[in-house]
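Protein chains: 2
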Amino acid sequence: MSTATARSAPSARAKRPPGPRPGRPAAALAEADLRGRILDVAEALFAKHGFDGVTTRAIAQAAAATTGMIHYYFTTKQALFDAVFARRADVVNAERLAALSAYERDAGDAVTVEGAIAAFLRPVLAKLAAGDDGWRNYLILIAQAAHNHEWGGAVMTRAFDPVVERLIALIRRALPHAQDADLYWAYYSLSGALMLALAQTDRIDRLSNGVCRAMDVAALEPRMIAFAAAGFKRVCAAPTQPA
Amino acid sequence: MSTATARSAPSARAKRPPGPRPGRPAAALAEADLRGRILDVAEALFAKHGFDGVTTRAIAQAAAATTGMIHYYFTTKQALFDAVFARRADVVNAERLAALSAYERDAGDAVTVEGAIAAFLRPVLAKLAAGDDGWRNYLILIAQAAHNHEWGGAVMTRAFDPVVERLIALIRRALPHAQDADLYWAYYSLSGALMLALAQTDRIDRLSNGVCRAMDVAALEPRMIAFAAAGFKRVCAAPTQPA
DNA sequence: AGAATAATTAATCACTCGGCCAATTAATTT
DNA sequence: AAATTAATTGGCCGAGTGATTAATTATTCT
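Chains as they are written, first to last, in the numbering used here: chain H, -19 to 223; chain X, -19 to 223.
Quick caveat, the hints were computed from the structure, so don't treat them as lab data. Any given hint might turn out to be false.
The list treats identical chains as interchangeable, and a pair is accepted whether it falls inside one copy or across any two copies.
No more than 25 angstroms apart at the CA atoms, straight line, and that leaves these computed lysine to aspartate or glutamate pairs for DMTMM-like [as the list claims (entries may be wrong)]:
1) Lys107 <-> Glu201
2) Lys57 <-> Glu75
3) Lys107 <-> Asp70
4) Lys107 <-> Glu130
5) Lys28 <-> Asp62
6) Lys28 <-> Asp89
7) Lys57 <-> Glu84
8) Lys107 <-> Asp89
9) Lys28 <-> Glu130
10) Lys28 <-> Glu145
11) Lys57 <-> Glu145
12) Lys28 <-> Glu84
13) Lys28 <-> Glu94
14) Lys57 <-> Asp32
15) Lys57 <-> Asp185
16) Lys57 <-> Glu130
Could you build the full structure based on these sequences and the hints that come with them?
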């Protein structure tokens, strides 16, 4: 599964900068331009059923379009998926980098592990807490990618590595004696915890018999921050004591 | 996606307890009975490409069989998947319960969070560390199921809830003042960390530039135990301080 | 041995898949 | 208004898809 965001003109018909051009009927109500509608619908269906679980026909029907239009705007089912994935990646990256920078500025020399992790998590968990279905579907997509065995590692690395490096650099200031391996292993656990939350399964609801609800971000967020911060400190403090 | 392990006779041809019957050619070398070969091959392909990414023909070819044989033994592609998932579930559950019981017996009143978590994780991480490809593929399958948005919650609950309840009960003995919500939320993070490790992506390898390798269970295990234990203690100690 | 049952093959069914294209309508440019 | 370009339709293609079946071979039972 490649991840190239855009491809040059496929072969025959060259298509100019797609998307609605000025002077259109001004799209009434919930109806947007077709290209955007396809992206939204594909995002939702890919999140629910995975790449191979969705057909271009299903996407077309849900977007009130034809399969021809999907190939007209995106050339290929794979390219459509890549476009969906790429669309929001820059947004979330920018917000996270801004949050980390803001925290770094405000904390001065008093950087804490809790503060760094909170800045790292909050922008994403905010999207989860907000009612926006588009963002929620996108987060599910990220969680899927993170656990995809064939192209997951590559996609996640390309999309989110810079932010992670930034987080680790910040935590390193709070834990000056930490070794690189410990920092990365600790992040591995944090990342796993976050990805499971983004997947928005109802597992925790079932397991806890309703005591916890997966979408209760207000309850989840402080506990995930506390859990991960304590984990980081412990792993990076001790000299890797074998259990 | 249903998860019923077996179905009664489909419709026409009733099939008696499948599987090789005694008195067979004694299966030379790596060649096993066909039913088992199909299960192994399906396990590997489902782990690599997901349910919808695999065709019955691909499974048949890899198992040196025909699609007819797949339906002869398993009736349906879905039933084959369920059979793959169910095959090893009992084994890992039994080992985990035994490990938890053994620890509980040995620890007496001195139950620690670290000890309980170690008993919970070790049987699974041991499968990951061992060279057995069959088990490794199965663990990838579990990680996929845990993040599947449509049937993930149900499958995981049915398959692994008892062991988790056992773990939480044990941790509760080490943290008598812990509240249920905190215990479940903390387990949520632990579960996420474990699932990401089971997915066996090369993300951590890339991110850490080779400092950490995802398959280095000897390095992962003590850190995951330490991380989660510290997290549990912290989350369950404080009165849910908002960040 | 022969009868009965299990395992296996190869062919086939009715659909669905992603992708493509000629033709048509709508908008923009000159 | 005419010419040009963009957006869109509907039908079609060849290649699979999961599933089924009759016929054949192997094995077990009596």
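Checked hints:
1. Lys107 <-> Glu201: within (12 angstroms within a copy, 32 angstroms between copies)
2. Lys57 <-> Glu75: neither (29 angstroms within a copy, 43 angstroms between copies)
3. Lys107 <-> Asp70: within (14 angstroms within a copy, 38 angstroms between copies)
4. Lys107 <-> Glu130: between (27 angstroms within a copy, 21 angstroms between copies)
5. Lys28 <-> Asp62: both (16 angstroms within a copy, 20 angstroms between copies)
6. Lys28 <-> Asp89: neither (44 angstroms within a copy, 46 angstroms between copies)
7. Lys57 <-> Glu84: neither (41 angstroms within a copy, 53 angstroms between copies)
8. Lys107 <-> Asp89: Intra 29 angstroms, inter 44 angstroms, cutoff 25 angstroms: neither.
9. Lys28 <-> Glu130: So lysine 28 and glutamate 130 pass the 25 angstroms test inside a copy (19 angstroms) and across (6 angstroms) alike.
10. Lys28 <-> Glu145: neither (30 angstroms within a copy, 28 angstroms between copies)
11. Lys57 <-> Glu145: Result: close neither inside a copy nor across copies, 32 angstroms intra and 43 angstroms inter.
12. Lys28 <-> Glu84: neither (37 angstroms within a copy, 41 angstroms between copies)
13. Lys28 <-> Glu94: neither (33 angstroms within a copy, 36 angstroms between copies)
14. Lys57 <-> Asp32: both (10 angstroms within a copy, 15 angstroms between copies)
15. Lys57 <-> Asp185: neither (34 angstroms within a copy, 30 angstroms between copies)
16. Lys57 <-> Glu130: Answer is both; intra-copy 18 angstroms and inter-copy 22 angstroms each pass.
Of the hints listed earlier, those the structure fails to meet are numbers 2, 6, 7, 8, 10, 11, 12, 13, 15, in rising order.
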